[in-house]
Every structure is written in C-alpha cells, then in structure tokens.
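Protein sequences, first through last, are from chains A and B.
Taken in order, the first sequence gives residues 1 to 300; the numbers are from the numbering used here.
Taken in order, the second sequence gives residues 1 to 364; the numbers are from the numbering used here.
Keep in mind that the hints were calculated from the coordinates and are not lab data.
Below 30 Å or equal to it, Euclidean Cα-Cα: the simulated BS3-like pairs (lysine-lysine) are:
#, chain 1, residue 1, chain 2, residue 2
1, B, Lys318, A, Lys15
2, A, Lys64, B, Lys345
3, A, Lys72, B, Lys345
4, B, Lys299, A, Lys64
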Amino acid sequence: MVQDLSFSDLSLCLKTEGLSFRAGCFTVNLHSDIANVVSGLSTLYSDSEIITEPCDFTITVEKKAGLRQYIKPQVQFYFNGIEPFTPLPYGQALPLFEWGLNWCVTNHCHQYLIIHAAVVEKNGLALIMPGQPGSGKSTLCAALVEVGGWRLLSDELTMVHLDGKKIQPNPRPTSLKNQSIDFVKSFTSAERFTPTVHDTLKGSVAHLKPLSINVNQFNKTAAPVLIVYPKYEQGVDSTLTELSKGDSFLRLADHSFNYSILGAAGFDALSKLHDKVGCYEFHYNGDIVQAIATMDSLLY
Amino acid sequence: MPIIILLCHPQKVKKWETHQWDELLQQAYSTGLVGRIYSILSNAELFAFVPDLLQWHFTSAHTVFLAHKHDVLSEIGYIEKALKPAGIHPVFLKGSAYILAGAKCSQGRLFADIDIFVSKKELPATEEILRWSGWAGKKMDKHDEKYYRDWMHEIPPMTNTRTGMTIDVHHNLVPVVSRMRLNSEKIFSNVMIDNKGVKTLSAEDKVLHSAAHLLLDGEFNHGFRDLHDVYLLIVEYTAKDPIFLSRLQQRSIDLGFELIFFYCLKLQCYFFALSVEDNLLVECEKRLKSVVISRQILKLFIKVLSPNITNHGSQSYKNALFLLFLRAHWLKMPTHILLPHLLYKSFVAPFNRRKFDTIDESKV
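All chains should be built: construct the whole structure from the sequences, respecting the hints.
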C-alpha cells in the first residue's frame, strides 16, 4: 500500500520511475516532482494498492518549463506526453491531477456509460445522484457515506455497465468546493482532507480521502435501483417528488459524457437502467439527518 | 520500439511479454494510434494476444472511431447537399477522403475537421452557400483574416452550427504565396469520382498531399500517425499496382514535389522499412539541389517524428522542432511577408488576443 512508503521514498519514487498505484478501479503511473502532489497523494491514496502490472494511465504532473516559471510558475498535466489542458497556477497541482484523471476516464473508458453523477450503495443496491455543479450532490454523497453508512462508489463519475444492470465502483477522493468544504469537515475528521486550494476555476477546492473499506471494494458492483436528482436550496423544506422515467432518461442522457459516442449501445444501457429504477427529485436544505432518513426510506 | 514492430510485423506480438504491451499502449496513446492498432490486430486475428487488463483501451478507441466515422459520413452528406444545387462538387481531402475511399489508413483514425477543395472560381459561391446553410466563421483579427485570404491555400475555418464540426475550404493544396507553387488545375484534372459522384484526389495525389502536409506544416503533434497514413496508402496502392512507386515519382516531378517525395520515401524506409528499389532512391537524390542539406533536414525529421516520447524533453529534440518550424515558415511565405507575420504573431497578437477574449466574455 502507498502508506507503507516513507514520505521520502514516495517522493523519490514519483520523481524517478513513477509511482504505480490503484486509483478507484483504474491503475495509474504517476511522475511528479511537485511537493503538493507528493503530500496530496500520501493523504488521499494512502490505502491504495501499489501496482506492479502495466497501468491504464501514464501521467506526469510537472512545472511548465520556460521563462515564466521564474515569475508566475505554472503546472502542466501530461497524459503519455499529450497536454490536454492549458497549464494552471503552480499551487493547483493536486486538483489538476484529480481533474486530469477524471478526463482520462471520461475520454477513454467507453466500456461503460459514464454519467456525471455521484453514486452510493447500501445492501447491494445503488443510488445515483446526477447534478449540475452547485446542486449539492457531492455534499449529499459525503453525508450518506460518512454519516449514513452508505458505500461510496463514486462522487463524480457513475459508470454503468452496458447491460444497464450493474454500477462499476470507482472509489476516488471526493472533490468539495467552497462552503461545502467546512460543512463536510463538521462531520468528518479533518486529517482526511487535503489543504484547501483557493482561486481555482471552480473556486476553493479540497479533496476528501475515501474510507479504506470503500477503496478495497473497488470491484464489487451494485445494482442500480434509485435515481435521485438533488437540488440544494437554503431555507426550503426538504421535499421529494417522483419523476417520470422518460424525464429522467432525457436528463441522464444529457448528464452523460459518452452517450453520443456509444450510440445504440448507450441508448440500450439507459433504457435497461430505467427499467428497474425509481426516479425522484429531491430539494433539500442541508439537514443531512433528514436527507439520510429520506434516502434510507426509499430503499425499503 | 514496440509500436514500430507492431505496425511492420504484427505477427511478432504473439511472443510479446507484458512489458512490451505496456510500452505499446503508451506509444499508441501518445501517437494517437490506439484505434488503428485495434484494427490492425483484429484484422490479423491477433487481438486475443493483448493482455486482458489492457484490452479495453483498444476496444474503447474502436468505439470512438465508429462514432466518429458515422459523424463524418453524415457531415459529408450535409456538405454535399448544401453545395450540389449550385453545381459545386468539392474534392474531399485527407481524413474524410480516406473514409470515402475505404482506405486502410481510415480505420481507427480520428481527425478534427473536414477538408474540402474547390476551384478558385467556385470559392466565393462555396463560402456563401455554406454560410446560408448554417456554417459560421470564427471571429478573427484583421491580420489573421489577411493571412488566410491573401496568403494561404484555404479560407478561415467555418463551423457547422448544428453539428459543431469544422470545415476547411481549400482552393489549393499549398499556400498560394509559398516557395512551392502548385497549379491547382493539374490536381483537378486528375481527381477520382466514386460511384455516388463524390470526389477525392487520385491515388498518387492522396499520397503526395498527405506527405506535403506533414513535411511543410511545421507542426508534428500527429506526425508519426500521418507518416503511417502515407505508409498504409503506399502499401495499399502498391498491392493493386506494382509500379505505383514509379508512378508516384513521375507525378511528384510533374507537380514539382520532388523534394517532398524524397523525404517521404526516406522516412518510410527509415521508420517502416518500406522496400524501395535502389535506383529509385538514387534517381530521387539526383534531383535534389543540395544532397548535403537535404540529408541534414532528413535527420531533423527523423528526430521529431520518432514515436519515442522519452526524448521530447531533450534540447536536441527542441532544436530540431524549432529548425523545422523555421523551415516550414520559410517555405510557406516569401521573406517580405514572413518577417512582418512573425513579428506580428510574437508581439502584437498576444495583446490582441486578450482584447478579443474580453470582448467575447462580455457577450456571454
């Protein structure tokens, strides 16, 4: 496991041959000589397995060369030598790695239908929570996992097997933004957080390490039974409204990264997924105890 | 290198160990050839030799290719439908042409935009009709507009507002002010028309155009892939016509593309061990102005086109890239246009871009 390496060994490994480790259900070989990346990895991936086999994604995160590095240094993400993004300020190296890895998954893994949604599991049954940024899906997801006893499958990318019957877990760090960082810290231990990085494209960002028991069950799929569209609104009464399957189908296609690439296979996967799920819209006011009770009640 | 072994002798993968597959996958991603490798392996019934853990990378790339091909074919349909009533039948170039011709090098290949070629006379009508039919040009500053309109071989790119796909409309195959002049009539008189009436370049011109694009462009992000396109085209046409290479040489002389033909052949021999008769190469060298300089430039091409990305950080790689960038610009424009252009691009454009960005943002 990554935690068996001392900090200096980890740092040396990242600098030289690269560290090969499991990130969710994928494997990554990462090269980096940036201190924030080393410490971020030791916080977020300490429970991850070290890999000796070929890795899925070969990634380098390093300082961008050129004169600019002496005035305003920048960090660049490389996937096998390809630069998919414009460089970011140097301090954003760790979020860049996490976002870059999401890009690797959404751009290359078309063996699944990938939906922009959080997904959690209880008793083998999966609850999918799609949402635009700001809908509170990551916060709700963190509450269900940290307090409600649900298992984290993914906080950002729901990967549906093309038969529509199984969700592939991809348990990676949860990305929290702005006010939700302190809110989630109020019910989890602060040591599992990376330091907050300010002024990114998405505002302030911090990552929360997944529970080790969730990390280890990366290959235990779950059967989708619920799709709940959360919407966080301050001061309202929490309400749950049933949604038609047709409505949900269209919305989910819209939230999907590779629906158009998959063509007929994507349509089939979404149809089969909708055969067996209940669909709801959930307005909630941040009362997590009530939110957990509501989600639990939907299971029984 | 694993990727070269696979592209030249796919049967050898039967004896590969895991680390070779690992290297192959990395090189396939960096060169953009994951989808093509899937096609090569599955056509040769070798896909089962890929380690289980890595197979999904190749099948996924194939999925993307199928979707891309579908999109490209419908886009070609839209373009044809828009231009046909005006009696304009464009010649499709590069990626879209390979798909239309069912060429082997179209399998698993992705490309960003559709390139069409019309005569200079048809150009104004083509542009106007495309605008009426839902294509829109990107806003650009006066210099960039002039760059395209007066000096280049294509007009500013347009985007189909319904599909998001970009089209480049060409009226020549090389920049009109470049040191390598090309009479576009010679190209038109030689085009291929398929049974649906869709036009692409003749076999020889497809190869020469692809090679010219690669060797004159000065950018090598997809260089190795483009080089392999040329290889597949040559192999495919030689299988149909054993003297294809000498035809190609003759055509290169007709068009004044001898230099391109020389680099192209040499690079094919170097990277993919293409078998070429010795006298053909000797003949080629005889036509060069300076064998010494051409051999030096060849070395630079070999450096920047290599699929080995571990040397991309090296100074010699960067130098080669820079020299070829200069060479490309030198060929592209005469000095009295080139110098002001480079000065503008280095000092004025960065500020203008900022101005343009803020204008665009305020609109949003």
